[in-house]
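Undergrad: Each chain, letter by letter, is given below.
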Amino acid sequence: MLSNMIFIILATNLLISSFVMISTKRVIDSALSMLIALLSIAGIYATLQSSFMFITQIIIYAGAILSLVIFIIMFLNIKDKNLPHEPHKTRDMILTSLVVFPITAVLIYFIKLSDFSNLNEKTTSSIGKVGLELYQNYVLPFELISILLLISLVGSITLARKEKDV
Amino acid sequence: MLNNIEIVLLFILAISISLVVFSTKLSLQKAYNISLITLSASFVFLLQDLGEIFSTLIQKDIFNSMLIYDSFSLLFILIFLLSSAFLLLISKEYIFDHKYFKVESLIFILFSVWGMILLSMSNDLIVAFIALEIASMSIYVLVGINKHKLKSSEAFFKYLVLGSFMGAFYLLGLTLVFIQSGTTSFIDLAKYISTHEIEQLYLVIVGGLLIMATLMFKISAFPFYAWSLDIYDGAPLPITSLMAGIFKISIFSVILRLFLSDYISLKDLYDPLIILASIFTMLAGSFLAISQDSIKRMLAASSIVHSGYLLIALSSIATIGDSASYSLVFYLIAYFLSSLGSLGVLSMINSKDDVTYESLKGFASTNPFLALMMSIFMLSLAGFPSSIGFLGKFYIFSSAIESSLTPLAILGALTAFISIYYYFKVIASMYFHKNISVLLTYSNIKSYIIIFIISFLVLYLGIGSSYFTYLPGTNDLTEFSKSIINSL
Amino acid sequence: MFKNYLILSILLFSLGLIGAVSRRNIIIIYMSIELMLNAVSIMLVSYSSFYNTNTGVVLSIMVTAIAAAEAALFMALFVTLYRKKKSLDTSLFNSLKDTNATK
Amino acid sequence: MLQSNLLFYILFWPLLSAIILSVLNLFIKKELRSQILFDFLSVAGVSFSAVISLYLAYQNYVFSFDFGYNIYTFLDLESLKIDFALKADALSLMMLSFVNPVGTAIFFYALAYMRDDRSSARFFIYFNLFIFFMNLLVLGANPFIMFLGWEGVGIMSYLLIGFYYDDFSNIKAANKAFILNRIGDFGFLSGIFLLAVFIGVDGYSFEALSESYYKIEPFYLNLIAILLFVGAMGKSAQIPLYVWLPDAMAGPTPVSALIHAATMVTAGVYMVARFSDLFSMVEEVGVFIAYIGAFSALLAALIATKTYDIKKILAYSTMSQLGYMFMAEGLGNYSYALFHVFTHSFFKATLFMGAGAIILALHHEQDIRKMGNLKDKMPALFYMMLVAALSISAIFPFSGFFSKDAIMLHLFSSGHYLIYFIALFTSFLTAFYMFRFIFYIFFSHKRDIEVKATSKLMLIPIGVLSFFTIIVGFLNTPELLGGDERFSLWLSLFDQRYFVSHLVEISLIVINTVFILLAIFLAYLRFYKLIRLEDEASTLSKLLSNAFYVDKIYNNLFTKPLHKLSCFADEKCDIGFIDKLINSLAFGYIKISKKFSVTQNGSLNLYMLVSLGGVSLMMIYILVVLL
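Residue numbers (the numbering used here), protein chains in the order written: chain A, 1063 to 1228; chain B, -11 to 476; chain C, 10 to 112; chain D, 24 to 650.
A few of these clues could be false.
Claimed, not checked - Here are some of the chain A residues that sit facing chain D, going by a computed Cβ distance under 7 Å:
| no. | residue |
| --- | --- |
| 1 | 1160 |
| 2 | 1161 |
| 3 | 1164 |
| 4 | 1165 |
Stated by the list, open to error - Calculated pairs, PhoX-like style, for lysine-lysine (alpha carbon to alpha carbon, straight line, at most 25 Å):
| no. | chain 1 | residue 1 | chain 2 | residue 2 |
| --- | --- | --- | --- | --- |
| 5 | D | 617 | D | 329 |
| 6 | B | 349 | C | 95 |
| 7 | A | 1224 | C | 12 |
What the hints assert, rightly or not - Here's a subset of chain B near chain D, in silico, CB distances under 7 Å, partners left out:
| no. | residue |
| --- | --- |
| 8 | -8 |
| 9 | 51 |
| 10 | 178 |
| 11 | 180 |
| 12 | 197 |
| 13 | 201 |
| 14 | 212 |
| 15 | 214 |
| 16 | 217 |
| 17 | 255 |
| 18 | 257 |
| 19 | 278 |
Just so you know, the hints here were simulated from the structure itself, not pulled from any lab data.
Since we're looking at a predicted model, the values are computed, not measured.
Every residue gets a Cβ at the ideal spot worked out from N, C-alpha and C, and that includes glycine.
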């Protein structure tokens, strides 16, 4: 019961902060509400007793990726006057929600329809077991991910590097 | 012992990583030579696997049957290697003349080819996605490689945002499939689907639909076609032909593999969608192609139409099964040859701006050879008889008729008829106008030879080997594409 | 309970979709896409936890890594785009379009 | 059999000549050419073929060998298998044994004739290709291959008639020939299609077909026979498809000699003989053919008596002689017809080549009224042409006598007396116009005409052919004269024979000869010492000299309405309706496409929205389908 309560609080928090994130005008506000959202997600992982993902979420998303975003925002020194002028933001968002609605509705409907009966007890997944799974069954994707990261690294350096005009 | 393909994969990877490491020390010339040799050596090396029908799982114990190497993927791998080597050869002058091409760009070409090879071999949803991302990310970077041109950066921007956006659908679909079936492997998935009732498959069906959306985005099918014109337009020409001619084929290789797996119960569900998609893709593509001024944009739009034809073949596979799939393979070969050739010719035209119909005027008098080659490619793309494009269309339409999709075949023929308008406009402006200033071309003899080889293939495989019974030709090609389907 | 997690992640995904499509600030678009990936992650982790396997967690690591790879490219994108126009408004970057398209 | 390969070489050598010539013609400038090399290349192909043909004909004659050679399978369907195969039996070899040798003589003659022409290389390319196709036509082992050759000679004839394409009237003549031949070809093609449909399953070679004709219902058999004959009508210039032949004389004279006298026009006769087994089963059609032949012969002969163009007279006479051949074929004696083809090719070639020599000598003058008194200036030519004229008039012992008299005998004995009398009258007319021709050119007008010397190279082939004109007739000496009709025996076609007593035979010959001599005498009276020109006043002669106004009638009956119809179609239907429709469709399409490119306005958000909409629609679809 307690875990349910915690889940509801976290979920509400997550949805509200996400909504703020997608609807606020200033980027930095958006980034900070994203931080809250990511932390709520970490909390949700905690309710799922997935310690590894809890840590990963905090370290990688909140710690690394979002810091990078905030760093970029600072680095580019985006002032309010440089922000996009979006006069029809609300209208656009409502319009988009109308388009998105069927997707959401259909997906939720099918999830409701589906039968997840053979559920097990929630157990704590240890980091060691995750590591074993990763290295026993998912070696190839893991290796490929490393190459993907290498590519994106080299790519972003290539593209972001300032060069003399040709 | 390593398989040949593993050696090739490791070889290309090692070369690319060492190029990354030594990128500051190497001159562009050296890096160009190294990548060219890498690609062509791998091609030659893999040729020895050609012949028998085979199917092996790569490092089954370690990789958990996530990669499969069969005659089917071998054909595609050979196409990727050969066409990227051709691409490098054709656009040599282009690469050396434009200062933004650095060692890195060659690395990304290698990486993207590597990703495509993996893609055509992947036997698992997550591996397929990562391979797709490897190829796409390299291409994102390549699209934006010309940092000084706004259009290039903009194309990079649009491609990256749209690609990641649509990629998220794939991941969602994968997850939905996974949480219902508990597996991501193609084989296990097929087993799961065939052993369960449709009530237990809802999430798999929806997830499959989302995965389909992403793949359709990558082949620029309706309604996900909108990006392709802008991005093909903004990218440097060799990269455009990498995207249009090679990347698209790799996507089709994985689509075909997915489609020919044993998803009988789902095919009826997806088939109407594919038919609709193919109808609208052909219509939208031909609408767009007609109104373009830039030839690059026109080719991009027409590549949408070609995706539509390929979708026709896909939908006839759903009804009559494997016997139609060779028509798709054959069309892919036809399309890759013609588009590689036509974009290659465009990349040999030294023009500061876009190549438009206007600027092609009088090309036949300044460079009759290239004009002739261009005409051959245009004829092939339009599907004129005695070119390989005609045979490709012929097979596709006949398999559509065979699977009682005659209206689709008629619409296909109609759009092919419309396509004559914009393809012949190119020929007309090359041949029937004289008075425009001379277009310089990059006159590299190697590029000329490669262009000539491609056009020869286009004609030779199009005329058919019935006249030269003892030489390998079209019949063997069709036989081969039939046989590789069996290896799936 | 499991279904609640799934529904939560679908809702989160939809919010991400709305943000990505309707906003014109590229950074916000990027963050919306990240949100979508996070939604997928939640689904995978909850599966893992409810079905007592580790595969979901592993897949969500993959998703995170893919997100990280995209992040790197997006950072480069912000920098290049901001250098060009001193803004991150998507509507400013529309030099590539059909000549016939009326604005 | 080794010798069967030779069939291939009959085809191969002229083709090779043509190819080498065209390559050289493309790459070597006219000034740098070695004349001897070109001359050699021009005649080598046909000469080789002639030697091979004669050799094979000899083999067949003596040892009765049939030759067959399958080059490759052209088409292999379940219901129809067509081989690209050659076959030579007595009939084919008979054709070859005059096509190639006479061809060779004409080639040599053409060397001299075309010596000063600037595009002589082109001429010989066409000529060699023509021989190639003619051989293909004769050698084809099935109707399809025959049709290939048939079309090929048609095309070459078109190209050669329009050889001097600077002159518009030549092109018109070429087009006329081509179009009228198309009508015939349509019939031929329909005929062989029907054959393929009805009995093609059992094999499509002539042998296989001939064993299964009985399977076809009589109605269709008649239809096929008529359709095939329509093809023959076109190629062999019979009523009503004959009008192209006189106009075809626009080509250089060797063309007229080779194509429009000796070879191509006989293709129709050959074709009917080739299908003789079929035609012998349909007697009504045969009688129809005979009447067509009879009226063609009569009409052509009538016109020829009033024609003044030296080549057109010969053209009409060709048509008239072809009429004789069809009379014989229609009434069932194919070998007589073919024997007439055989002799005709010699004397008609002689006449044409002689006419050509005269035309050249008189600086391209073709009107016989402006000629005269040439006997002393060109004595050799005179005797050669006299021999040919006697032969065509069927005077003993020249070859024409043997072939024509055999036909006349057959016509009489078959009981179709109307046809016989037409033939007899035509024979009278033939002698009349032939000697009108001779007298006009060589005797009349005692005035001097400037004459250019004729080259030896031209005279020799004429001489050779005229020599053969004298002797070839004895190949088929009738029983009456102590022979045994070897030629007919050799061919062994489905001939019908009627027994007639020697008395009847002799009296027929006598009647015929008397008529001919009378005609010659009349011609002598009228034209020998002609000074004033002929009277043009009478209606009949007007009618005759205008070739019965057939061209005009055709023009009014078919061409003009068709032209009007096509004008109507062009102006009203095409421009007014279809063009407008197509244009509006096309422009509408372009308009729509311009509207459509609004979707390509470069806005990322729009693209994303469209994609999202796509996914959304997919979701709705799947919801609808699954529920």
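Undergrad: Now tell me if each hint is right for this structure.
TA: For each hint, the structure was consulted:
The closest approach between the C-beta of residue 1160(A) and any C-beta of chain D is roughly 9 Å, which is over the 7 Å cut-off, so the hint fails. For residue 1161(A), the interface hint holds, since its Cβ comes within 7 Å of a Cβ in chain D; the closest pair sits about 5 Å apart. Here the hint on residue 1164(A) is kept, as its CB sits about 5 Å from the closest CB of chain D, short of 7 Å. Interface restraint check: residue 1165(A) against chain D, minimum CB-CB distance 5 Å, threshold 7 Å, status holds.
Straight-line distance between C-alpha atoms of residue 617(D) and residue 329(D) comes to about 70 Å, which puts the hinted pair past the 25 Å bound. For the hint pairing residue 349(B) with residue 95(C), the CA-to-CA distance comes to about 39 Å; that exceeds 25 Å, so the pair is violated. Restraint check for residue 1224(A) and residue 12(C): not satisfied, since their Cα atoms lie roughly 49 Å apart, outside the 25 Å limit. Taken as an interface hint, residue -8(B) does not check out: its beta carbon lies about 39 Å from the nearest beta carbon of chain D, beyond 7 Å.
Against a cut-off of 7 Å between C-beta atoms, the interface hint on residue 51(B) is violated, since the closest Cβ of chain D lies about 32 Å away. Violation of the interface hint for residue 178(B) is found here, the shortest Cβ-Cβ separation to chain D being roughly 20 Å, above the 7 Å cut-off. Given the 7 Å rule on beta carbons, the hint for residue 180(B) is violated: about 18 Å separates it from the nearest Cβ of chain D. Look at residue 197(B): its Cβ gets to within about 5 Å of chain D, closer than 7 Å, so that hint holds up.
A distance limit of 7 Å between C-beta atoms decides the matter here; for residue 201(B) the minimum to chain D is near 5 Å, and the interface restraint holds. With its C-beta approaching chain D no nearer than about 5 Å, residue 212(B) sits inside the 7 Å limit, and its interface hint holds. Look at residue 214(B): its Cβ gets to within about 4 Å of chain D, closer than 7 Å, so that hint holds up. Checking residue 217(B) against chain D by beta carbon gives a least distance of about 6 Å; that is within 7 Å, so the hint holds.
Against a cut-off of 7 Å between C-beta atoms, the interface hint on residue 255(B) is violated, since the closest Cβ of chain D lies about 13 Å away. The interface hint given for residue 257(B) holds, since its Cβ lies 6 Å from the closest Cβ of chain D, which is under the 7 Å cut-off. Evaluation of the residue 278(B) hint against chain D yields a held restraint, the C-beta minimum of about 4 Å falling below 7 Å.
Checked against the numbered hints above, the structure violates hints 1, 5, 6, 7, 8, 9, 10, 11 and 17; every other hint is satisfied.
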